[in-house]
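Starting from the known structure of chain V, arrange chain B with the ligands on it as the hints suggest.
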Amino acid sequence: MSTNTTAAAATGTREWRSRFPTVNYLNADYGIWSWLLTKDHKRIGLLYLISVSFFFAIGGAYAGAIRLELLTPMGDLMQSSTYNKVFTHHGIMMVFFFLIPAIPGVLGNFLIPLMIGAKDMAFPKINLLSWYIFMAGGLITFCALLFGGVDTGWTFYVPYSSNFSNTYVTLAGLGIFINGFSSILTGLNFIVTTHTMRAPGMTWFRLPLFVWSHYATALIMILGTPVIAITILLLALERLSHVGIFDPALGGDPVLFQHMFWFYSHPAVYIMILPSMAVISEVVATHTRKPIFGYSFVAFSSLAIAVFGFLVWGHHLFVSSQSVYAGMIFSMISFVVAIPSAVKVFNWTATMYKGSISYDTPMLYAFAFIGLFLIGGMTGLFLAALGFDIHVHDTYFVVAHFHYVMVGGTVMGYLGGLHNWWPKITGRMYPEGWARFAALVVFVGFNLTFFPQFLLGYMGMPRRYHAYPVGEPMWQVLHVMSTGGATVLGIGLLIPAVYFIWSMRYGRFAPANPWPGTGLEWRTPSPPPTENFLVTPVVTWEAYEYRPIEELQTIGPGEPDQPIDGQHPANRGTETEER
Amino acid sequence: MQSIPIPNISLPVPFSPEQASTFAPHVDALYVYLVTLTAFFTLLISAAIIFFAVKYRRRQAAELPRPIAGSMVLELTWTIIPLMIAMTIFVWGASIFFKAYRAPQQAMEVYVVGKQWMWKFQHQTGQREINELHVPVGARVKLTMTTEDVIHSFYVPAFRIKQDVVPGRYLQTWFEATKTGKFYLFCAEYCGTNHSGMGGYIYVMDQAAYQQWLAGGTGTESAASQGQKLFQQRGCASCHQVEAGGQQGLGPTLYGIFGKQQQIEGDGAVTVDEGYIRESILNPQAKIAAGFQNIMPTFQGQVSEEQVLQLVAYIRSLAPAGQQQGGAAAGAQTTSGPTTGGVPPQQQRSNPLHPSDVRQGNPAPQAPPAGGGNTGNANRQQ
Ligand code: HEM
Ligand SMILES: [Cu+2]
Chain V
1 MSTNTTAAAA TGTREWRSRF PTVNYLNADY GIWSWLLTKD HKRIGLLYLI SVSFFFAIGG
61 AYAGAIRLEL LTPMGDLMQS STYNKVFTHH GIMMVFFFLI PAIPGVLGNF LIPLMIGAKD
121 MAFPKINLLS WYIFMAGGLI TFCALLFGGV DTGWTFYVPY SSNFSNTYVT LAGLGIFING
181 FSSILTGLNF IVTTHTMRAP GMTWFRLPLF VWSHYATALI MILGTPVIAI TILLLALERL
241 SHVGIFDPAL GGDPVLFQHM FWFYSHPAVY IMILPSMAVI SEVVATHTRK PIFGYSFVAF
301 SSLAIAVFGF LVWGHHLFVS SQSVYAGMIF SMISFVVAIP SAVKVFNWTA TMYKGSISYD
361 TPMLYAFAFI GLFLIGGMTG LFLAALGFDI HVHDTYFVVA HFHYVMVGGT VMGYLGGLHN
421 WWPKITGRMY PEGWARFAAL VVFVGFNLTF FPQFLLGYMG MPRRYHAYPV GEPMWQVLHV
481 MSTGGATVLG IGLLIPAVYF IWSMRYGRFA PANPWPGTGL EWRTPSPPPT ENFLVTPVVT
541 WEAYEYRPIE ELQTIGPGEP DQPIDGQHPA NRGTETEER
Chain B
1001 MQSIPIPNIS LPVPFSPEQA STFAPHVDAL YVYLVTLTAF FTLLISAAII FFAVKYRRRQ
1061 AAELPRPIAG SMVLELTWTI IPLMIAMTIF VWGASIFFKA YRAPQQAMEV YVVGKQWMWK
1121 FQHQTGQREI NELHVPVGAR VKLTMTTEDV IHSFYVPAFR IKQDVVPGRY LQTWFEATKT
1181 GKFYLFCAEY CGTNHSGMGG YIYVMDQAAY QQWLAGGTGT ESAASQGQKL FQQRGCASCH
1241 QVEAGGQQGL GPTLYGIFGK QQQIEGDGAV TVDEGYIRES ILNPQAKIAA GFQNIMPTFQ
1301 GQVSEEQVLQ LVAYIRSLAP AGQQQGGAAA GAQTTSGPTT GGVPPQQQRS NPLHPSDVRQ
1361 GNPAPQAPPA GGGNTGNANR QQ
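Protein sequences appear in the order of chains V and B.
The numbering used here numbers the first residue of the first sequence as 1 and each following residue consecutively.
The numbering used here numbers the first residue of the second sequence as 1001 and each following residue consecutively.
Don't take every hint at face value.
[To be verified] Away from chain V, derived, C-beta distances all over 12 Å, residues of chain B:
(1) I1130
(2) T1180
(3) Q1207
(4) Q1211
(5) Q1212
(6) W1213
(7) E1221
(8) K1260
(9) Q1262
(10) G1266
[Unchecked claim] With a straight-line cut-off of 25 Å between C-alpha atoms, the simulated SDA-like cross-links for lysine to any residue are:
(11) B:K1115 / V:S80
(12) B:K1182 / V:P73
(13) V:K39 / V:T426
(14) B:K1055 / V:R436
(15) V:K354 / B:F1051
(16) B:K1055 / V:F437
(17) B:K1179 / B:Q1211
(18) B:K1115 / V:L250
(19) B:K1055 / V:P291
[To be verified] Covered stretches of chain V, as calculated for chain B (at least 3 residues, CB under 8 Å):
(20) 280-294
(21) 326-335
(22) 368-379
(23) 462-472
Note that these hints are calculated values from the structure, not bench results.
Note that beta-carbon positions come from the ideal geometry of N, C-alpha and C, so glycine has one too.
Looking at chain V on its own, in the form it has when it is part of the complex (with noise of 0.2 Å):
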């Protein structure tokens, strides 16, 4: 850096401090409309957080009566009738209201203009459209499971859902349907703003791998999202019309919706997981100081499972009449899949070789994060292995494999990605130490609740039953293991839920760049302003580049970069204009 920037930083600390803390996009404008109406991507991503916890607290209170009700062999807290409704009302709550739209959501809205260096989405209005959507399609589901729920279980397989339920099915599904469409808006505006809003010289090869990773997932937003879509469709045309479509007796195939919903949903766990490993990269680069072991690897890994992601699906129909080629076929490229989520896996590793680790919350949950999914996406492939999956699909051994992948996995990025941004959000720091030790209450109660769970599987216990042998005493200790450490993983997440409330209030103050981080979102005032950055910045650093220590005090607090005259003439007039 030239002493002329160093000179041009200065002046910007001062401006800096003139401005903050009393002009940042919490405190610009009041009132409920100024944040109903926003089209901050900041603003909107605050809105996602509120909603999906909202989303995220209804399903956990869900999971709270499954866990109690098998305590017992016997059915005896709640009807069986209740009990499908409330396994399925857990199920559609999380994935479709938390686990798909969470960390895209609240981090990606956040922080994809932050860290390419933009003011806002491509499309701010679109993205505002997006949440109204989603809050539309969430309430409407709500709805459908508050005034008589739903019993199909989150797949609604025909021809139960089609034929038989009594249920909101109908109503339910309109509500995902409705919300497919804030997905895709979401992945639209991702890419766009992706390709079109970059700062002058942040190449492709620059950008943090969470904007890498975001991209990848707003690729199967928009290409597999119409396809659930269509199945909601058919399913609804079905209800109510008896169109045949999957009704056998009309001519119809019941497997047929099978595969159309996997077609979608096994690429949506990828939504899911894709941006947890968005933040992982994040996080684990900051926290060690170095740039991520083979960042074009990891970067690539993620188009590679977007792609191959949508080859699988027929793996959740071994046991369902499927062609035996057929499940050869799907196998196989289930275990080649699994290999670039190895590879991530096996890079972080590689990046703390050498790094200087620190034990901040962020990073507590990384590693928390890279060895459940370890045995999550290990036991992913068990499951793709066919003579085994007929063992043990649709028991608990399944349950405890999407559990160890999207709890393990998607929940402990996205707390891990809550703490590592906390202080950019809100501009206040959470207590250091409540917060690990509610990592590892968040740890100890996950591996109770779900490592007994694939014990059970094992041993052959089915999922989705109300109540179970009372001839197996085994089986009721592994239960009763398992709601113990539901129990305790509730109290690990009811913690940061306080903490986090209390801090915006009583927290410290954050630095612009606490850790420090390399990216550009480091380098605006905490919280940042509306605009994002005061001057646009230009990128004249590699991803995750630490300088040597002298000039990491000019990364570190917080003021953005000032284009060098000459340089980017392009961005002379933007330069003015914001002053």
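Frame of chain V, contents of chain B with the ligands only:
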């Protein structure tokens, strides 16, 4: 793939159901392999992480480690080695699967109908059971299954077998029990309110006990002769000849038709199998036998799935002794094959089944295997 012996393990694996079928040791062996791999990689990565986290923990607030960009050699190593390991799992898993879904040709046949929320069984010898299935130990038992309503899934953990049953189709699975006893039967596919109550037991008995059970059984009329009654009652006989050499009626003669190729209107031919017969009864317009009018009424809603299966059993029995396939009488024709290793090739052929109806690894044979000497059931009929 059959020629490669599939590994198996006969030691009891902790936290696993009893091993009571010929598949169980194979699945358990694969499980042990997978658990070992997972333990290895989990320990490897965890050890690395813990080691790095301790050794390279941050000692000074401002320290900056030297960047390391990456290494092509390492990337290739940890791409190729896991891929190769994954392929070993694939081959192993696929070979067990292949075995599990190629029903042996000679087996004791049982018809299974799932229904909210019970399992109904029909033995060829006429015994009917609900939520209980009695089978002899060491016998190959082939299940031909369908459902009257929603999708269910036939699951016996001790046998390590599972097969969804789908409305409108016949699907098959098979097992050979290796141990006498009482084993759980579950429905594994969520099927509505009382899903967790839809189960029962498989009773595996030794030959003597099984014969005794057969003798004491209630419905002793065989499935085929029940089918014969239905055939008369429903008026099928007014159009279809059932005798050899008789005059063609308005519909094709059914004598000896099972397993044959049937020319159909339009193009092509189909093999007459369980699925085709079922379709012809419930949805006759779907495929019209060449040279006949589209006049057969549908019996959809008039005959239950169980009755369709009885009709199928009857039509199968309409053949000269010695030319029928499958349907070996319970107990009498059980082959106790080797409990490990591959099934001899000539026994791997399943009944000729329509590929779209039955998930079979092998293509449906073009003609019925001639004279299998598999006459137990037929003799009883005639
Ligand atoms: C290493 C890559 C993975 C492989 C090879 C894999 C494999 C499988 C297989 C074969 C099944 C079907 C099991 C059955 O129903 O019998 C399955 C189920 C499932 N997996 Fe994975 N999986 C992987 C990663 C993931 C990830 C990353 C997620 C989510 C974040 C995920 C979520 C799920 C879910 C939700 C189900 C069950 C859905 C249901 O039936 O309700 N999986 N997985
Ligand atoms: Cu999948």
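How the hints compare with the structure:
no.	hint	in the structure
1	I1130	holds (18 Å)
2	T1180	holds (18 Å)
3	Q1207	holds (27 Å)
4	Q1211	holds (28 Å)
5	Q1212	holds (26 Å)
6	W1213	holds (22 Å)
7	E1221	holds (29 Å)
8	K1260	holds (24 Å)
9	Q1262	holds (20 Å)
10	G1266	holds (16 Å)
11	B:K1115 / V:S80	holds (17 Å)
12	B:K1182 / V:P73	holds (20 Å)
13	V:K39 / V:T426	holds (18 Å)
14	B:K1055 / V:R436	holds (20 Å)
15	V:K354 / B:F1051	holds (11 Å)
16	B:K1055 / V:F437	holds (22 Å)
17	B:K1179 / B:Q1211	holds (17 Å)
18	B:K1115 / V:L250	holds (19 Å)
19	B:K1055 / V:P291	holds (18 Å)
20	280-294	holds (count 6)
21	326-335	holds (count 5)
22	368-379	holds (count 6)
23	462-472	holds (count 8)
Violation of the numbered hints given earlier is absent; every hint is satisfied by the structure.
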